[in-house]
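Q: Now for the letters of each chain:
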Amino acid sequence: MSLNESPTLPEGLVVVVKKDCPTCELIVPILVRLEKEAQLTVVTQDDAAFPAELEERHFDGDLSFSWHHNIETVPTLLVVKDGKEVSRTVGWARSHWESLTDIFQLGPDLPDHRPGCGSLSVDPSMSADLERRFNDSSISARRVEFAALEDTHEALFDRGWTDGLPVVPPSEERVTEMLKGTSRSPEDIVALIPPDLAPCSVEKVAINAVMAGCKPEYLPVVLAGVEAVCTQTFNMHGLLATTMPHAPVLIVNGPITEQIGMNSGNNALGQGNRANSTIGRAVQLVIRNVGGGRPGEVDRATFGSPGKVGFCFAEREKDSPWSPISTMYGFPEGTNTVLAFPGEAPRNLIDQLSRDPDSLARTYAANLISIQHPKLVLGFDAILAVAPDHSRIFRESGWSREQLAARINELTVRPGRDLVRGAGNIPEGIPEAMENLDIPKFRENGLHIVHCGGAAGLFSAIIGGWVNGEMGSDPVCVEITP
Amino acid sequence: MTKVLDPTNEATPADIPRATRPETLEGLTVGLLDISKPRGDRFLDRIEERLVERGIRVERFRKPTFTKPAPVDLRHEIATKCDVVIEALAD
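Just so you know, the sequences run in chain order A and B. Quick note: the first sequence uses the working numbering, first residue 1, plus one each step. Quick note: the second sequence uses the working numbering, first residue 1, plus one each step.
Simulated from the structure, these hints should not be mistaken for lab results. Take these hints with a grain of salt, some might be off.
Stated by the list, open to error - Straight-line alpha carbon distances no greater than 20 angstroms define the calculated DMTMM-like cross-link-like pairs of lysine to aspartate or glutamate that follow:
1) 19(A) / 72(A)
2) 180(A) / 145(A)
3) 215(A) / 151(A)
4) 3(B) / 151(A)
5) 63(B) / 73(B)
6) 3(B) / 145(A)
7) 3(B) / 177(A)
8) 84(A) / 102(A)
9) 81(B) / 23(B)
10) 180(A) / 6(B)
11) 36(A) / 62(A)
12) 215(A) / 154(A)
13) 375(A) / 333(A)
14) 375(A) / 444(A)
15) 3(B) / 129(A)
16) 3(B) / 131(A)
17) 81(A) / 11(A)
18) 215(A) / 258(A)
19) 3(B) / 217(A)
20) 375(A) / 418(A)
21) 68(B) / 150(A)
22) 68(B) / 49(B)
23) 3(B) / 418(A)
24) 81(B) / 59(B)
25) 63(B) / 83(B)
26) 3(B) / 53(A)
27) 3(B) / 173(A)
28) 3(B) / 319(A)
29) 3(B) / 258(A)
30) 215(A) / 59(B)
31) 19(A) / 46(A)
32) 3(B) / 123(A)
33) 68(B) / 217(A)
Claimed, not checked - Which bits of chain A does chain B cover? Going by a derived footprint, with three or more residues having C-beta under 8 angstroms, they are:
34) 144 to 154
35) 465 to 476
What the hints assert, rightly or not - Here are the computed distance ranges between Cβ atoms for each label pair:
36) 46(B) / 86(A): 41 to 47 angstroms
37) 12(B) / 426(A): 25 to 31 angstroms
38) 68(B) / 165(A): 51 to 57 angstroms
None of these values were measured; they are calculated from a predicted model. All C-beta atoms in this analysis are idealised placements derived from N, C-alpha and C, irrespective of residue type, glycine included.
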C-alpha cells in the first residue's frame, strides 16, 4: 500500500485509542467486553501493547490510519459496514456507545460520559509532517493553519507576508490551479533568491503569485521575471540593499502580452490592469517572502518608490515604429520575453509643440541629462517610454530606435570641465581627471527606448536607472517559456 | 479553519513554541484565571490558599463569560503581571 492510499476499514466496530489518555484507560473494560461480544478492531496510536487486556490490537505507529480516517479525538468509535464508515462517536458517552454498538449496560460503574483526548494525528507538532507524508498532493510547501479565531487577512499581515496591501490567501486549491499555468514541475528550482539566497521552487513562486493576485496564465511571466532579476548580472541583492529607490521594472514583449491581457496603452505604467499590477507584485513578494528582503532590514532604501510594490508593463508593439525592445538583447521579434530593468519611478516629459524628430530628440536630451544629477554621467541607464503621439513623428520620418538613441546621446555630450567636481559651484560631479573629455550622458546601449502609453498625449516618460555595470546592475532579458 | 501554504523559505518554525515551564514557583507571580464557569472559583480559592501557604504571590482574574475568549485587555494584564497562569475549567 502506498502512503497516500487510505488504509481499509475493518468491518464492525473500530476504536482508536492511545495509552496516554485517561479516558482510553477508563474504557478498557468496555473494549474487553466488545471484543467478546462484537467484531472489534482496536487501533492504538502510541503503544503497540495497549490495552494489554485485549487479545489483539492494531498498532498505528505511523498514524496513517488515524490521519486518513480523520481521527481528531481518542477514543473514537467507528461503525463500519461494507468497508464504509456509517457512524462515529468521540470520547466516552455511554448512551452513544450503546446506540452505536447495539450492546447495552456498558460499563455500569463508569461515569456516564468523559471527554476524550486529542488524537496524536492532530498534534500540532506532527500534523504538518503527516500532511506532507500522506497527502496525495504534488505540493510540498508547509501548511500553516490559522486558528479559528484569527482573521485570515489579519493573520497574513501578522506573519509579515504582505507588502502592506492585502494578499489572496494561498490555499492549496488556489496554488494547485496556479501551477496549471506552467508546464514546469513544481519542485523545479527557479533561482536563488537574495538576500538569503534561498532556493526557490516553481511552487514557491506560484504561492506568491496567488498572493499577489495573479491568474495562472501569468505564471510563466512571473517565473521569467524571477529568473531575470535573480541573475548575477541584474544583482537583485545590491538593488534591494541600496539606499537608492530603484527596483525591478519588468517590460514584457511578445504575443503573450495580448494573450494574458496586459496593458501597453492608456495608463500602462499605472494601476487598473490585473496582469500589469500583479506580475510585478508577485516578483516582489518572492523577494520578500522567499528571499527575506524586507524594508528596514536588508532593504535600506532612503525613499523607495511606489514601483517597489511591483512595476510591470507591456511594450506597445502593434503600432510601434520600432522592433520590440527585446531585439536589443538578441531575441527575434515575436518572442515572449521579460526585460528586467533597475528603475525608479516614471517621470512625465512634455513636448506638445515639436513636429520633427530632431527637436523632439532635443527635448528628450534636455530632460534625460538630469537623471540622478545633471553632472553625473555614464553611470546610469534610462528607459525612455515614448507614447504614440510622439512616436508617430519618428515613424513618419523613418527614424529607427538606434538613430534616435544615437542622436540623443550626441545631444547630451558636454565638456568634462562643466561636469567635474566643483564646476558650477557644485561639489557633486565627475572626477577631475575627466576634465578634458567630451562626455555623453549615457554609456553605449544605456538608453532603452520603448513604445507604450495611450493614444492621446504629446508626452514621453523617463524611468531613471540605478548604478550600471559591474558596480551595480545591468538589465537582463529572458525568454518566457510555457 | 483556514489553511494556507507557507510562502517563505520555511527557515523559521511555523508554530510559535510554548513558553518554557519554570522549574519552581518561588519568587514568581501566579495568576489564577476563573473562566466564569460555575464553581471554578471554589477550585481556585483552594489553589490560592495552597499557594499562599507556600509564600507565593497570587493574582486573581475573571473572564466576563466562559462562552467567549478572554478580552484582549485582560490577556494583556495577565501577561504583564504574571509569570505563570492556572486556569480553572470547572463544572
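Q: Now look at each hint and say whether the structure bears it out.
A: Hint by hint, here is what the structure shows:
1. 19(A) / 72(A): At roughly 15 angstroms apart (the allowed maximum being 20 angstroms), residue 72(A) and residue 19(A) satisfy the hint.
2. 180(A) / 145(A): Distance of about 24 angstroms is beyond 20 angstroms: violated.
3. 215(A) / 151(A): violated, 24 angstroms
4. 3(B) / 151(A): Measuring from Cα to Cα gives roughly 12 angstroms; hence the hint holds.
5. 63(B) / 73(B): Since the Cα atoms of residue 63(B) and residue 73(B) sit roughly 11 angstroms apart, the hinted pair holds (cutoff 20 angstroms).
6. 3(B) / 145(A): Holds: residue 3(B) and residue 145(A) sit about 4 angstroms apart, inside 20 angstroms.
7. 3(B) / 177(A): Roughly 16 angstroms between the alpha carbons, so the hint for residue 3(B) and residue 177(A) holds.
8. 84(A) / 102(A): Since the Cα atoms of residue 84(A) and residue 102(A) sit roughly 18 angstroms apart, the hinted pair holds (cutoff 20 angstroms).
9. 81(B) / 23(B): holds, 19 angstroms
10. 180(A) / 6(B): holds, 19 angstroms
11. 36(A) / 62(A): Answer violated: residue 36(A) to residue 62(A) is near 28 angstroms, above 20 angstroms.
12. 215(A) / 154(A): It is violated: about 23 angstroms lies between the C-alpha atoms, which goes past 20 angstroms.
13. 375(A) / 333(A): violated, 37 angstroms
14. 375(A) / 444(A): Given that 20 angstroms is the threshold and the Cα spacing comes to 18 angstroms, the pair holds.
15. 3(B) / 129(A): holds, 14 angstroms
16. 3(B) / 131(A): Holds. Residue 3(B) to residue 131(A) sits at ~12 angstroms (cutoff 20 angstroms).
17. 81(A) / 11(A): Satisfied, since the Cα-Cα distance of roughly 6 angstroms is no more than 20 angstroms.
18. 215(A) / 258(A): holds, 14 angstroms
19. 3(B) / 217(A): Given pair residue 3(B), residue 217(A) is violated - Cα atoms ~24 angstroms apart, limit 20 angstroms.
20. 375(A) / 418(A): Since the Cα atoms of residue 375(A) and residue 418(A) sit roughly 8 angstroms apart, the hinted pair holds (cutoff 20 angstroms).
21. 68(B) / 150(A): holds, 14 angstroms
22. 68(B) / 49(B): This hinted pair is violated, its Cα atoms lying about 28 angstroms apart.
23. 3(B) / 418(A): violated, 62 angstroms
24. 81(B) / 59(B): holds, 8 angstroms
25. 63(B) / 83(B): holds, 18 angstroms
26. 3(B) / 53(A): Answer violated: residue 3(B) to residue 53(A) is near 40 angstroms, above 20 angstroms.
27. 3(B) / 173(A): holds, 10 angstroms
28. 3(B) / 319(A): Not satisfied, since the Cα-Cα distance of roughly 47 angstroms exceeds 20 angstroms.
29. 3(B) / 258(A): violated, 35 angstroms
30. 215(A) / 59(B): Status violated; Cα separation ~54 angstroms.
31. 19(A) / 46(A): At roughly 6 angstroms apart (the allowed maximum being 20 angstroms), residue 46(A) and residue 19(A) satisfy the hint.
32. 3(B) / 123(A): holds, 16 angstroms
33. 68(B) / 217(A): violated, 44 angstroms
34. 144 to 154: holds (count 8)
35. 465 to 476: Answer violated; 0 residues pass the 8 angstroms Cβ test.
36. 46(B) / 86(A): 41 to 47 angstroms: Cβ of residue 46(B) to Cβ of residue 86(A): about 46 angstroms, so the range 41 to 47 angstroms holds.
37. 12(B) / 426(A): 25 to 31 angstroms: The hinted range 25 to 31 angstroms is violated for residue 12(B) and residue 426(A), with Cβ atoms some 48 angstroms apart.
38. 68(B) / 165(A): 51 to 57 angstroms: violated, 31 angstroms
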